Each structure stands twice: as structure tokens, then as C-alpha cells.
Amino acid sequence: MSSHPAQAAPPGAHLEAVTALRQQYAAIPAGSPVRLAKPTSNLFRFRQDQSGGLDVARFDRVLSVDPEARTAQVQGMTTYEDLVDATLPHGLMPLVVPQLKTITLGGAVAGLGIESSSFRNGLPHESVTELEVLTGDGEVVVVHPEDPLFRGFPNSYGTLGYALRLEIELEPVKPFVRLRHVPFGDARECAEVIAGVCADGEYQGERVDFVDGTVFGGTEMYLTLADFVDEAPGTSDYTGDRIYYRSIQARRTDHLTVRDYIWRWDTDWFWCSRAFGAQQPLVRKLWPKRYLRSDVYRKIVAFDRRHGISDRLSKAVQEPVIQDVEIPVDKLPEFLDFFEREVGISPVWLCPVRLRDRAGWPLYPMDAETLYVNVGFWSTVSLRPGEEMGSRNRSIEAKVSELGGHKSLYSDSYYEESEFWQHYNGEAYLALKGRYDKGSRLPGLYAKCVLRR
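Position 259 (the sequence shown) corresponds to 259 in the numbering used here; numbering is contiguous.
What you were told as hints is all true, and nothing was included just to trick you.
Straight line, CA to CA, 27 Å or less: simulated DSSO-like cross-link-like pairs of lysine-lysine: (1) Lys-331 with Lys-399; (2) Lys-433 with Lys-448; (3) Lys-299 with Lys-448; (4) Lys-438 with Lys-448; (5) Lys-448 with Lys-399; (6) Lys-285 with Lys-299.
Keep in mind that the hints were calculated from the coordinates and are not lab data. All values reported here derive from a predicted model rather than from experimental measurement.
Generate coordinates for the entire structure from the input sequences, incorporating the hints supplied.
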């Protein structure tokens, strides 16, 4: 279901698209709010459908791949699925490929992304070397790592401008990836091994290129340590009847093609496809393989949220708890203990990350010297009698702050405004907003991410 075969855009097509977009922007009446008209989204901040918006359909191409320089020129609405299809034939891939196929380059940079290479390559925006942005003032600017807008663009979520074109770094791959699923019965030991592997780049004397983990319960968790290999004794296929996350408990080693490794989580949206019955054997046989995809499941969730179907069927009030948080590795056991006790969702995903760029990123101020572990959890919890909607999410926000962590803003947030700006550098954000969106044509970060405007 890739939007189109991987191929370079015709010469001059990007400049034509930029000119047309600026004309669209200029035609919007002064004072009117500006949004993108997007066919897909991977955000979980659901708003009422809003008509109109800038048509950015022409910004979904890989413009070029330079195998010698190991770089690619990519438009902002290009999906990682299309980008990977364009780079793998050259034996290359982006340094960090977020787990879901329809995440766009612009979305991963204006928001945040992460994957199992993040312990060595950081976040997706840290391998961007040039960024072309349509600002809130309607200007098109090209910025580089030394520019304030470049550094302030990550975690701005389209409130300072929109990425039109990006130059990104690529890294070489091998045809296959070997996986080792290492079991742990204790979070403290698991955290210690995460720290050691990420410091040394190896485990038990063997190279590690990718690290992530899956927590099935307080005494059952696994680190998946993977490395590129030239040959494989055979490869597994988790794009049909078989389910990847279940193999973690059943196998100690596995091999995948590099493409199947990159998209190992997409087929079942990690494990969230079970909510739609897609993991039931009979349902899975009837479910067309081309629709075993994260974007299909997300559309089902959006339909359900609009019409309240699950709410009407549930006997208890359900609070969505869909979050990714970064926790310092030495605080991971404490967070997992809290989470199992107070929230109780399982499985939970672990993914270590250390910033690649020591200068840091002002709107998501992680400590460049600290190894964090991203903890991802995506489900609902039944509220207790009298418990307010949002209470579990608020307790998570408080615990993350207590432990010196950070929370991504792609889903619901409940911060008071003053607290929000303490976490996300309000001073730096307001300075950028005043420079690049003086008329406030784009929504503000707090209004968009907390108030859902």
C-alpha cells in the first residue's frame, strides 16, 4: 500500500510544488488559521474533523538518493515506507526508521521518532543536515544545524512551520538481521544490561546494531539484540499468519531480511492489532494480508473515537493510555514497578536512546550525556468508580517528571500551562514563534498538544 513506486521526482517538480503551495498560503484570508490537509496521521490527539487546509499532496516524493555521499533529498510528506523502498536498492537505509510505515519524514522531525538504532543514532531529526520550511509567516526558508529554527523545529508539531524538503544521512546495511531474544526476570538486571550493551555496542563479545525490549510482566521481559549479517540459515516471515511479538517469548534467535526487520512492528501495530481480533487465527486467515498494517488499524481507531462504539459497548469507563516516555536508564526499574502497579498495561515496549548531537534540542531538552529508555504503552484502562478521565495519564506525567524523564506529545497530555512550558522550554518556543509566526497563523504548541485545537 505504498503511495507510489520508489522513484525520483521529475526535475523541477519540487520547485513547482513550493511555488504552488506559497500561492495557496497567500490565498488564505489574513487572520484565518492554517492547517495541513493530510490523508493520514499517526498522532493520537483526535480533534473534530476540520475542513480545508493546505494541500501538500505534491510533497510525498524521494527527490534523490546519493549512494556515494550516503544522503537523500526527501520531501516532507514522504513516508518512511517509500523512503526505505528507495534506499534499500542502494544498500542503504535512514539512520533511524520509526516503526510505522506511514510516518512521514516531516512528521518524525516536527514531532519525534525512535527505533532500535537510537542508542547509537539518536532521534530521526539528528541525521537531518538541511531543512526547508514553510513558516507560519508564509515564507520558505532553508535552515541548517547552526540555525535557531533548525534546532527548535523538533517537537514543534507544525506550530512553527512545515517541513517541505529534508536532506538526510543514510547508513549501509547488510541483507539480513540476526536477532537474539535475551530473557530477564528482573527489571534491574535488564536495565543494567541495557546500559552495558549501549556503552559497549556488543553483548557477550558479539556486535549489536539494534536494541529494543518487550516487557510482558514484572518477572518476564526480553531484550532483542540484533545485528546486520551477510547470510542467514533461513528467515522468518511475520507479515502473514505468524505474529512477531509472540516469537520473542518462543525463540532465542531469529533471522529476518533487513526490510522485514525494519517493519517487524508494523504488521500488528506492535501488539495492538489484537484489539480488532486480527490475531485470532480464523480472523487472521480472512483478513487480507495487504490490510495487516498500522495505518489501517489507526483508521479503525479514528472511526471508533468519532462514533464512540467502544465506549457504548464497554461495561466500565475506559481511559486511553497511549504514550511514549523517556526514562533515564537507572530509573527504569522504578518506573516499570510504578507502571505495573498503577496502570497495568502489558506488553510494554522498551527502546534505549542517547542523543547523537551533543548540542541538544531546546523544545525537547533531553540531557545529551544521559542514556534514556523509551517506554511505550498503548491501550486502555478501566477507571475505578469515581475516578476522573485522564487520572492515569496525569499520574504517569507526574512520575515521569519525578524521575527526570520526558514525555512525547503525539497523544493526550494533561499538563497545566505553566508546567507544560517548564518541560518544553516555553522561553525558547515563544522566541521562535515570535520570529517565524508573528501573526499566529499556526496553532500554539500548548493549544495544539494539550487543548487539542
